[in-house]
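Undergrad: Taking the hints into account, I'd like the entire structure generated from these sequences.
Following the working numbering, the numbering of the sequence shown begins with 1 at its first residue and continues without gaps.
FYI, nobody ran anything at the bench for these hints, they're computed from the structure.
Note that this is a predicted model, so its numbers are computed, not measured.
One should not assume that every hint holds.
Unchecked claim - Estimated spans, in silico, between C-beta atoms of each pair:
| # | residue 1 | residue 2 | range |
| --- | --- | --- | --- |
| 1 | Gly120 | Asp19 | 32 to 38 Å |
| 2 | Tyr67 | Thr10 | 34 to 40 Å |
| 3 | Arg118 | Met21 | 40 to 46 Å |
| 4 | Ser38 | Tyr15 | 18 to 24 Å |
| 5 | Tyr15 | Arg89 | 35 to 41 Å |
| 6 | Glu85 | Gly55 | 36 to 42 Å |
| 7 | Tyr48 | Asp19 | 28 to 34 Å |
Note that beta-carbon positions come from the ideal geometry of N, C-alpha and C, so glycine has one too.
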Amino acid sequence: MSQVNIVETTFPVRYAESDQMGIVHHASYVVWMEEGRSQYIRAQGFGYEQIEREGAFLAVSEVTVRYLAPARYGDNVTVRTWVEELRSRALTFGYEIVNAESRTRLATGQVKLIWIDREGRVIKMPESVRSRLQS
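TA: Now the structure itself:
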């Protein structure tokens, strides 16, 4: 992955994300991946709000997560995000979630998205987005 642009987003595990034993609920990892994706796009110089103003939206079509070790309340986690596949009508992000201090791998995952318009019809990725994601 040395040639891949990776954006890291670090934050503390919130109490609401964990159970009574302090272990993070599995659904929280998907929320963290979404935050990583938002930060990745911001790091490219634009945001979802700009894309949506142009009438293009990203709809999740598939999510996969492989859980490797538990995150716990009080930990800081880092979400490492990159573009795994860029197609004319689809975009796949890859993720690695690690403990920010120990760098222990907690989870890996992928989110596949499709480009749609306001009516929900599949469209091509806006060229302004493609050019920024390819750089």
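Undergrad: All hints are to be evaluated individually against the structure, with a verdict given for each.
TA: Here is how each hint holds up against the structure:
no.: 1; hint: Gly120 to Asp19: 32 to 38 Å; result: holds, 36 Å
no.: 2; hint: Tyr67 to Thr10: 34 to 40 Å; result: violated, 19 Å
no.: 3; hint: Arg118 to Met21: 40 to 46 Å; result: holds, 44 Å
no.: 4; hint: Ser38 to Tyr15: 18 to 24 Å; result: holds, 22 Å
no.: 5; hint: Tyr15 to Arg89: 35 to 41 Å; result: holds, 40 Å
no.: 6; hint: Glu85 to Gly55: 36 to 42 Å; result: violated, 23 Å
no.: 7; hint: Tyr48 to Asp19: 28 to 34 Å; result: holds, 30 Å
When each numbered hint is compared with the structure, violations occur for hints 2 and 6.
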